[in-house]
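These protein sequences, in sequence, are chains A, B and C. Just so it is clear: in the first sequence, position 419 is 419 by this note's numbering, and no numbers are missing. Just so it is clear: in the second sequence, position 358 is 358 by this note's numbering, and no numbers are missing. Just so it is clear: in the third sequence, position 143 is 143 by this note's numbering, and no numbers are missing.
Worth flagging that the hints you see were computed from the coordinates, not collected in a lab. Glycine included, C-beta positions come from ideal geometry on N, C-alpha and C. Any given hint could turn out to be false.
Said to hold, decoys possible - Subject to a maximum C-alpha distance of 25 Å in a straight line, what follows is the list of computed DSS-like cross-link-like pairs (lysine-lysine):
#, chain 1, residue 1, chain 2, residue 2
1, A, 353, A, 191
2, A, 328, C, 33
3, B, 335, A, 501
4, C, 131, A, 292
Unchecked claim - For each label pair, taking beta carbons as the anchor points, the in silico distance ranges come out as:
#, chain 1, residue 1, chain 2, residue 2, range
5, C, 40, A, 342, 31 to 41 Å
6, C, 19, B, 66, 29 to 39 Å
7, C, 32, B, 342, 38 to 48 Å
8, C, 61, A, 425, 46 to 56 Å
9, B, 31, A, 129, 55 to 65 Å
10, B, 285, C, 12, 27 to 37 Å
11, B, 356, A, 421, 44 to 54 Å
12, B, 91, A, 54, 49 to 59 Å
These are the residues of each chain, in order.
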Amino acid sequence: MNPTFIDIKEFRQHMENLRRKGMDFLRDLIGMDWGDEGLGAIYALENTATGENIQVAIRCESRDNAHIPTVCDIWSVAELYEREIYDFYGIIFDHHPDMRRLYLRNDWVGHPLRKDYDESEALNPIRMENESPEDVQRPYEIAEEAQLKELAKQTNKIHGDQYIINIGPQHPATHGVLRFRLALDGEEIRKIDIHCGYIHRGIEKMSEKLTYPQILALTDRLDYLSAHQNRHALCMCIEKAIGIEVTERTQYIRTIMDELQRIDSHLLFLSCAAMDLGAITTFIYGFRDREKILDIFEEVTGGRLIQNYNVIGGVQADITPDFAHKVKEYCKYQKGKIKEYNDVFTNNIITQKRMIGVGVLTREDAISYGCTGGSGRASGWACDVRKRHPYALYDKVDFKEIIYNNGDCYDRFLVRIDEIKESIHIIEQLIDNIPEGDYKVKTKPIIRIPEGRYSAAVEGSRGEFGVFIESRGEKSPYRLKFRPMGLPLIAAMHKILKGAKVADLIAIGATLDYVIPDIDR
Amino acid sequence: MFDFSTITTAIDQFLRDIMPSQAALLVECVLVALCAVLAYVMFAIVMIFMERKVCAAFQCRLGPMRVGPWGLLQVFADVFKMLIKEIISINNSDKVLYNLAPYLVVMSSVLTFCCLPFGEGLLVLDFNIGIFFIMAASSFGVLGILLAGWSSNNKFSMIGAVRSGAQMISYELSIGICLLTIVVMSGTMQISELVEAQRDGWFIFKGHLPAVIAFIIYLIAGNAETNRAPFDLPEAESELTAGFHTEYSGMHFGFFYVAEFMNLFIVAGIASTLFLGGWMPLHISGFDSFNTIMDYIPGVIWFLGKTFFVIWVLMWIRWTFPRLRIDQVVSLEWKYLVPIGLLNLLIMTLCVVMGWIF
Amino acid sequence: MDFKKTYIGRVIYSLVSLTTGLKTTLIEFFTPKVTEQYPENRKTQHISERHRAMLYMSLDENGNNKCIACGLCANTCPNGTITIKTKMVTDEETGKSKKVLEEYTYDLGCCMFCQLCVNVCPKDAIAFNNKYENAVFDRSKLVIKLNK
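With the sequences and hints as input, model every part of the structure.
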């Protein structure tokens, strides 16, 4: 799909029109550096009612002083996406309320994804002193002085005389290195400021120098709980670009593995949500059962967490002879265990009190923030990529899209429990019918993608995982963007947290189910 | 049944023979304190090991297995580790209060521990307002926790301390009401007499419905008093990392740790004293031969058996339920436990007046 | 009025749900445990054949390997894990000079087990084995010479 370029002067008007026409879901926002043609961004939009997809691009010719009008008042999720682009490309989004770097330190020199970025270590040495907290945010405005002051007052999120605590970067409930700066009033949360980037590895930057098969190895390390799906997305995108069809057997294997990975992820979600609410026994039960999936993974792929299984044109190795038997045995086992989780945790009155009505995300907000996956479906938004844009075998199997309508923590939790059942259902339909054939199509030793823009999306374990490649016909991509599943979720955090208590933050964080390496990339 | 007071009287007599009575009293005090503290530590070690193994069993695990056979020496290894760890002093903390807090917590639990009747004549403090004393002694433990949170100059600790203040002071009330229910039934506050009154049947059987309700409420409130899940908000590790004792290290942390376990032991011990007959064997009126056989089992074993059973139940609860939120903790107390407890007290009084207890 | 929503209904419903939870954990209390006692169970432990623990070079009894020193593995590795030192050897019979492997070094500490080197090898000279107990006290011990 090629984007339509919009002139910068008409851009705001055009975007507002699109939104009015029903383009309510900003799927992805991709910062671009087109060299001499200037910097810019590509907006991938979807109409959630009709399923229509379009891409809009904007280009700004000045490299040193690139300004683009913000769209974060049209699609809320753009607030963080635009900060990311500012961080990586130095494009300033006018009227954005909070134009700070998102991932890198405030004192970082240069914008790393620009093609003219100076990588020398002298500019950005390993800094041994702490980063000074930039609480007063600078909105970039081309407006009158009075308005500017007003905006600064509103966005001055946290100030000195509030009771500020840091949840993270090292905190048991953030499940990784994410940091929330909270302003408290007693137990109640008044304001939240999110700091990401503690494990930012610059995978998108690295990819621009690696060959396509080498990039594959990095996808497992994004959201390690949807390693299969991530890799599936990238393989699909590359296969589409170089025009090869994978065999039916591969499709079967990939679909089954994707669903196993989803169960794996949801079991971990369930365990960790239980642990965050203090039910440590349920945590162990979940992990006990997850172990069985990991054993299957290890048997087939050789890895438990980093499976390294999908490759361009197929999978790394054929399934083992007893794979089907083991998977069937596991499915039978797991079905019985779901009742146990429900008995000990889900139906427990304390759990229900902690989760029902807590952290409500409305359907409108879910779409505006682009919260896909279980969190979106708990808010009543049918956002499953497997249904919206079927890939692999998902149009051939019969499965329900789990949708709940309250959008609170409990619904987010139930969606995952039901999805485990649904995934087992999908696997059971496929496992007996894996056709004979090759597990891998021969590809050229060196893979070059013809010039153009390609994108693919899969339903990862916690939302839509997208891949966007812009190629100039070389061994490595000109620009590769992964759509993070977690970033929209934490972008919606401050909306969800209205009037919540510290303990609710933990419940909300646990049920939103973000994975930090996926947010940071 | 063997009366332990014969031994203590003999020792007392012996000491008085060889020295003036004031000195004898002093020596006795030291001896008793030594025994009490030794027993305290011993039970703490047993409890920590038990908690680990019981928790593991509920979670399909084996628990510690590496240090010693079945991990028996694990606790000793842990204590050793804690002893050799540095006690870190925190910048800008209130040094006096910071160092005082763990001792306050331990002191309160040792004092309460001394009130437990391990056997006939085998209790340190026994006077006519024993129940009163237990309540008073156990409730100043919260002071230590509040001070620990306040003095360690950490916002997480502070939140934990404030939470524990709100929680423990509320739940004192329920505990008081439950104890009162039993006092109404037995008509005495002296612990030895309370146990003696259960010679012909434990209070939980004698008091039937109101006693059972009081027992359940006592277990819930006792659990909350000891800051254990589902009421472990002051130290909720997924929210406040470690709550009030975040900044403590080495043996100062060890004191909090030991005190938490011993408070559990004390709660269970009081429950077994007041509801399950203390050291009194199981007597069923009418079955004389059965009663005689039961009498052969020493009182200490009866007491410890009952106490550890209650501890096991409390651990079972702890390792099953998720944690409540602070407003739910408080509303559970004020909206449910206190009204039900008061109503229960009324029913008990009615039963006593009408003579409906056995 | 819905009984579940009344005061007494709520108390009873709560107690029932809590008891169900207690029942479940009590059953687990008596079921066999799942702990694996590593390292005591080394002998009975099952490791998948495909498990990638460490790169190795298959050697025959004389210590010969199949490597032709083409360098594809070293080139394809994203992390520069493999370094190959070659030398030119003249075949005495034919008189042609040929590149042969002198030293094949593999840095386990850098490896991310992506299997690209194994996939690319034209002679199947290298593969991954199951030796997973690789903890050492010194990073330099992770740099391993694979050929004899």
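Problem set entry | Range hint compliance [Cβ, residue 31 (chain B) to residue 129 (chain A), 55 to 65 Å] | holds, 59 Å
Problem set entry | 25 Å limit on alpha-carbon distance, applied to hinted pair residue 353 (chain A) and residue 191 (chain A) | holds, 24 Å
Problem set entry | Given hint residue 501 (chain A) paired with residue 335 (chain B) - CA-CA distance at most 25 Å | It holds: about 20 Å lies between the C-alpha atoms, which stays within 25 Å.
Exercise. Could one say that the CB atoms of residue 91 (chain B) and residue 54 (chain A) fall in the range 49 to 59 Å?
Worked result: holds, 57 Å
Exercise. So does residue 61 (chain C) sit 46 to 56 Å from residue 425 (chain A), Cβ to Cβ?
Worked result: holds, 53 Å
Exercise. Is it true that the CA of residue 131 (chain C) sits at most 25 Å from the CA of residue 292 (chain A)?
Worked result: Satisfied, since the Cα-Cα distance of roughly 22 Å is no more than 25 Å.
Exercise. How does the Cβ-Cβ distance of residue 40 (chain C) and residue 342 (chain A) compare with 31 to 41 Å: does it lie in that range?
Worked result: At 35 Å between Cβs, range holds.
For this session: Kindly confirm whether 38 to 48 Å is satisfied by the beta carbon distance between residue 32 (chain C) and residue 342 (chain B).
Result: holds, 46 Å
For this session: Look at the Cβ atoms of residue 285 (chain B) and residue 12 (chain C) and judge whether their distance stays inside 27 to 37 Å.
Result: holds, 34 Å
Exercise. Honestly, do residue 356 (chain B) and residue 421 (chain A) meet the 44 to 54 Å range at C-beta?
Worked result: holds, 52 Å
Problem set entry | Hinted pair residue 328 (chain A) and residue 33 (chain C), Cα distance within 25 Å | holds, 23 Å
Exercise. Between residue 19 (chain C) and residue 66 (chain B), is the Cβ distance one that fits in 29 to 39 Å?
Worked result: Holds: the Cβ-Cβ distance is about 36 Å, inside 29 to 39 Å.
Against the hints set out earlier in the document, no violation occurs for any number.
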